[in-house]
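So the chains spell out like this:
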Amino acid sequence: MRYRVQILCTSCSTPAMDSAANSALVRPTHPPGDLAIWFFILAELLVFAVFFLAYAWTRHANVELFDEFQLTLDRRAGVINTLALLTSSYAVVRAVAAIRSDLRRACVGWLLVALMLGGVFLLVKLLEYQHHFELGINLRTNIFYMFYLSLTFFHFMHVVMGMIILIAITFKARRGAYSPTQHTGVETGASYWHMVDLVWLILFPLVYVMR
Amino acid sequence: MHVRQTSNPLLKPCSWVWLLLLGLTLVTFSLGELGFDGRGTAAVVLGIAALKAQLVADHFMGLRAVAGFWRPLIFIYLVLVAVGIGLAF
Chain H
1 MRYRVQILCT
11 SCSTPAMDSA
21 ANSALVRPTH
31 PPGDLAIWFF
41 ILAELLVFAV
51 FFLAYAWTRH
61 ANVELFDEFQ
71 LTLDRRAGVI
81 NTLALLTSSY
91 AVVRAVAAIR
101 SDLRRACVGW
111 LLVALMLGGV
121 FLLVKLLEYQ
131 HHFELGINLR
141 TNIFYMFYLS
151 LTFFHFMHVV
161 MGMIILIAIT
171 FKARRGAYSP
181 TQHTGVETGA
191 SYWHMVDLVW
201 LILFPLVYVM
211 R
Chain Z
1 MHVRQTSNPL
11 LKPCSWVWLL
21 LLGLTLVTFS
31 LGELGFDGRG
41 TAAVVLGIAA
51 LKAQLVADHF
61 MGLRAVAGFW
71 RPLIFIYLVL
81 VAVGIGLAF
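Chains as they are written, first to last, in this note's numbering: chain H, 1 to 211; chain Z, 1 to 89.
It is possible that part of the hints are untrue.
Looking from chain Z toward chain H, a few residues come up when the C-beta cut is under 8 Å (computed) [said to hold, decoys possible]:
id: 1; residue: G62
id: 2; residue: L63
id: 3; residue: A67
id: 4; residue: Y77
id: 5; residue: A88
Derived by calculation from the structure, the hints in this document are not laboratory data.
Backbone N, C-alpha and C define an ideal beta-carbon position, used for all residues, glycine too.
With the rest of the complex left out, here is chain Z (with noise of 0.2 Å):
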């Protein structure tokens, strides 16, 4: 298939952001290969996945330009999940 580029100047750091995505699913993945359990290992994957999520919301859903209160409801949403969850393991 053949998709040409575009010179889109905010597409390079997107495609970092994807990179970075790619990586940190796989130090999860590699968390739960190795074995890893525990209340740390739950709070450093819990970590990850919303720092993840919020990588998501900024770049991908392009939060990160919009003014008002949009970002920072998707912030305490993660931080509420993560917390309600944390507390559970």
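Isolated chain H, as found in the complex (with noise of 0.2 Å):
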């Protein structure tokens, strides 16, 4: 990984200053993980932006239709699978700080807790299109399921990717191939966790609360 040394103040400082300043201020110029990713999440975020405004825009000319049939969502689901995805997030920090610090084991289990918590999200969002379909709602219903049904399983689809990534990951960790120095693809696979994470944090309140 490149460095760029940032250097705030040279003026007023001595050499053994100067020294402890630089090391300080030494900042990363990339994100965590592959720069690949991070092109990707930027891809992802745009698609998901242009979603969001066409929910949004589309409500706009259907208030009515949007805020009786918002109603007929199951809020509470939503808001666990934000926490579950929130905790979820939170067990990758932890999972990336372990093998930074060399915590082989500790990697490995903080990532199955993330797994089980993305396994819940989709439990939870698999119970809810059930409810749906039991109903005879589909694609054609009306103009709200149509956004929401392709919006949350478009999202759903990004959480089932971000699955098997951290599921690669856990045996790759699981088998010793990251170490304190080398764990790029933890950090790369965290990467896009915490993007699938984030839009989520969006999708929620715009989908299921916001009316």
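Starting from the two chains in their separate frames, assemble the complex, guided by the hints.
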């Protein structure tokens, strides 16, 4: 990883102070993980932004319909999923911190916690879908459900993708493939997982709460 | 499941941020459950959502410690999305 040294004040420092200041002010110029995943994350964020704006402005033209059918959603399921994803994201933070401290078993443990909570998210979402499908609701029911089902399923598939990445990382971590000096794979998977969480933090209030 | 504790000093702020995120989520949920609606509520809920997303980017993704355009880029993205959504409510 490349680093850039920022020196804030050179006119009022001694050589000893320079040395201390330099070590304290070194900041990485690249975010954690493989740089390629960050361009992928930016592309994903743009796609979700288009989805969010399309939902909001379609609702603007159909306020009564959106408000009526939003009431059919289970907001408790939405908040459970938000808490699960946030905690899963936190577990991934702990996994990254663990491998940086050379605690391989702790890293694997935290990754398993993250996966378990990702599983909770998928289960709750599947139960929601099952409830809707039993009522005969599908993409053609109305414009609200078209957005609700497509937007949440699009995100659902990102959770699945994130979990596949986390499973691969967990296996590699278990085999001892990562170390305090070489753990780019863990950081890369973690960054993707946090993106999946970040997007849900906007999706949940937009679809389940705002009216 | 046994998970060992790590001693990384950067974890403490992340733990507080995680608790803050859970708390803000419950505030958003409560606003919905109590039947708050309208532009004012939408603005508050959107503000909370954008704040939560920025906290995740800063602390969980680690952008707070990264030099350059990455953190401002996410900030601008969140502002534009929030304003774009807010104008429709």
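Structure-based check of all given hints:
| no. | hint | result |
| --- | --- | --- |
| 1 | G62 | holds, 5 Å |
| 2 | L63 | holds, 6 Å |
| 3 | A67 | holds, 4 Å |
| 4 | Y77 | holds, 6 Å |
| 5 | A88 | holds, 4 Å |
Hint compliance for this structure: every hint is met.
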